[in-house]
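**Student:** Sequence:
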Amino acid sequence: MKKNLLFAALAASVMVSCSNDDIVDVNHGEGIAFRTSLDRALTRANATNLENLNAFNVTAIGNGQNYFTNMPVTSDDKGSTWKPAHTYYWPSYDLSFFAYAPQEPGGTVSIDNNGKKITGFSPSKKVSEQKDLVVSYNTGNKTNNEEKGVAMNFKHALSQIEVKAKCSNEKIKIEVRGVKLVNAAAKADFTFPEEETNTGYVLSQNKWSGWTDKDDHSKAYMITGKDKVELNADAKSIMFGTNNFMLIPQQLTAWDGTESKNGAYLSVLCRIYSLDGGNETLLYPEPTIDDPKTDKYAFAAVAIDTNWEPGKKYTYTLNFCGNGGGAGEIDPNPGPVDPTEPTDPEIDPTPKPDGNGGDEILGKPIKFTVTVDDWKDQSENVDMK
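In my numbering, the protein residues as written are 4 to 388.
It is worth saying that the hints were derived from the structure and are not from the lab. Keep in mind it's a predicted model, so treat the numbers as computed, not measured. Careful, some of the hints might be misleading.
No more than 25 angstroms apart at the CA atoms, straight line, and that leaves these computed lysine-lysine pairs for DSS-like [as the list claims (entries may be wrong)]:
1) Lys134 x Lys119
2) Lys316 x Lys222
3) Lys176 x Lys299
4) Lys169 x Lys231
5) Lys134 x Lys299
6) Lys129 x Lys217
7) Lys174 x Lys299
8) Lys217 x Lys299
9) Lys86 x Lys176
10) Lys299 x Lys355
11) Lys231 x Lys190
12) Lys264 x Lys129
13) Lys355 x Lys174
14) Lys176 x Lys296
15) Lys134 x Lys210
16) Lys190 x Lys120
17) Lys128 x Lys86
18) Lys222 x Lys86
19) Lys239 x Lys129
20) Lys174 x Lys128
21) Lys190 x Lys129
22) Lys174 x Lys296
23) Lys120 x Lys229
24) Lys231 x Lys128
25) Lys119 x Lys190
Taking CB as the label site, the calculated pair distances span [claimed, not checked]:
26) Asp376 x Pro348: 22 to 32 angstroms
27) Leu278 x Lys379: 32 to 42 angstroms
28) Ala88 x Thr194: 32 to 42 angstroms
29) Asn66 x His89: 11 to 21 angstroms
Backbone N, C-alpha and C define an ideal beta-carbon position, used for all residues, glycine too.
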């Protein structure tokens, strides 16, 4: 596979647990109460933390049946106190508690003796509307939990993805207007854990299954910004705001760098110039006699095959034109993400004349071969006067 868009770093920053995040519910007494905590994480605005976890739903199962189902539990003071929507008293038997947030997680929740699942979970297509999914499991009984409440430590069930970019070549100027993530599975089923999700518990990827809606460009996730980002030698986020991708954990299958429209890849919406002093020459999208490509941008793609795991943040840092590399390959889907949406006049669907998906955008850097002729003796006789 061609590797023109180099990775300076592909970091998986693990969501780190921290028991110091425990917030204790002060509502002690006979009614079932909860005290919640959430594994500390490297987060952006659309990631859940204790300050923005204002509500969750919880189901209790015991003695072979549901004791209560999807009961809302809310907090209006950033997690200092938690109030169940209804008061339930402890039965004589143990209860198992299954909790999740947000309360409408983007799939069908079914928790009973037949199964504990979210079926058909699908992140919002708009990244600004994507929400973190957190889940918790614990058990309790009257003897141990009537006074202190049930401890619910929530785990991040999704993978968080951030994309950064840089340009290591001072003779290349790159302006970025957006980034898309293509051909990851957009729908799957989640099975709730039935082990205590304490701070030492690791939520495994096999809690997810039945991945579908893969290799469908219309379901690509894309972020654009009003203001372009001009790259330099320092990596910059190209997420255009405070949100990251919040997507289903999965093993990606890489795009093969050809005209094939299958396989996962990142694609950067950009303009690429060659610099000579104060002069700029637009290289991509490539101007033609009939179209100077004024104010147009085009996608530069690179394949990815990461194994996304729950509760981990992945930061892709894309290095344009560095270490002998180029600027990626022509996107096999160079036009708008969704053909049913209004056409963005800034996206060039034909970025290079006769170019095909997978073709190198810049090709190899200019190189020189050097030869030097041998000295030749030339004798000259000069008569002295």
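**Student:** If a hint holds in the structure, say so; if it doesn't, say that too.
**Tutor:** How the hints compare with the structure:
A hinted pair counts as satisfied when its Cα atoms are at most 25 angstroms apart, and Lys134 with Lys119 qualifies at roughly 21 angstroms. Restraint check for Lys316 and Lys222: satisfied, since their Cα atoms lie roughly 21 angstroms apart, inside the 25 angstroms limit. This hinted pair checks out: Lys176 and Lys299 have alpha carbons roughly 15 angstroms apart, not beyond 25 angstroms. Using a Cα cut-off of 25 angstroms, the hinted pair Lys169 and Lys231 holds, with the two alpha carbons roughly 14 angstroms apart.
With a C-alpha separation of about 32 angstroms, the suggested pairing of Lys134 with Lys299 is violated against the 25 angstroms cut-off. Annotation: proposed proximity of Lys129 to Lys217 holds, straight-line Cα distance about 17 angstroms (limit 25 angstroms). Restraint check for Lys174 and Lys299: satisfied, since their Cα atoms lie roughly 21 angstroms apart, inside the 25 angstroms limit. Restraint check for Lys217 and Lys299: the C-alpha separation of about 29 angstroms exceeds 25 angstroms, so the hint is violated.
With a C-alpha separation of about 55 angstroms, the suggested pairing of Lys86 with Lys176 is violated against the 25 angstroms cut-off. Between Lys299 and Lys355, the direct Cα distance comes to roughly 12 angstroms. Compliance with the 25 angstroms bound is thereby established for this hinted pair. Pair hint Lys231 plus Lys190 does not hold up; C-alpha atoms about 31 angstroms apart against a cutoff of 25 angstroms. Proximity of Lys264 to Lys129 is assessed by CA-CA distance (about 22 angstroms); at most 25 angstroms being required, the pair is judged to hold.
A distance of roughly 21 angstroms separates the Cα atoms of Lys355 and Lys174; the hinted pair therefore holds under the 25 angstroms criterion. Of the pairs offered as hints, the one joining Lys176 and Lys296 holds, with about 16 angstroms between alpha carbons and a cut-off of 25 angstroms not exceeded. Distance hint between Lys134 and Lys210 is fulfilled; the C-alpha atoms sit about 18 angstroms from each other, no more than 25 angstroms. With a C-alpha separation of about 14 angstroms, the suggested pairing of Lys190 with Lys120 holds against the 25 angstroms cut-off.
Restraint check for Lys128 and Lys86: not satisfied, since their Cα atoms lie roughly 32 angstroms apart, outside the 25 angstroms limit. Pair hint Lys222 plus Lys86 does not hold up; C-alpha atoms about 38 angstroms apart against a cutoff of 25 angstroms. Taking the CA atoms of Lys239 and Lys129, the gap is near 22 angstroms; set against the 25 angstroms cutoff, the hint holds. For a cut-off of 25 angstroms, the pair hint linking Lys174 to Lys128 is broken: about 37 angstroms separates their Cα positions.
Proximity of Lys190 to Lys129 is assessed by CA-CA distance (about 15 angstroms); at most 25 angstroms being required, the pair is judged to hold. As the CA atoms of Lys174 and Lys296 are separated by approximately 21 angstroms, the hinted pair is consistent with the 25 angstroms bound. Between Lys120 and Lys229, the direct Cα distance comes to roughly 39 angstroms. Violation of the 25 angstroms bound is thereby established for this hinted pair. Of the supplied pair hints, the one linking Lys231 and Lys128 holds, its CA atoms being roughly 22 angstroms apart against a limit of 25 angstroms.
For the hint linking Lys119 to Lys190, the alpha-carbon distance of about 17 angstroms falls within 25 angstroms, and the restraint holds. For the pair Asp376 and Pro348, the supplied restraint of 22 to 32 angstroms is violated, since their beta-carbon distance comes to about 55 angstroms. Between Leu278 and Lys379 the CB atoms are about 40 angstroms apart, so this pair conforms to the stated range of 32 to 42 angstroms. Checked against the given bound of 32 to 42 angstroms, the beta carbons of Ala88 and Thr194, roughly 25 angstroms apart, lie outside it.
Asn66 and His89 have their C-beta atoms about 19 angstroms apart, which keeps the hinted 11 to 21 angstroms range intact.
Of the numbered hints given earlier, the model fails hints 5, 8, 9, 11, 17, 18, 20, 23, 26 and 28; all others are met.
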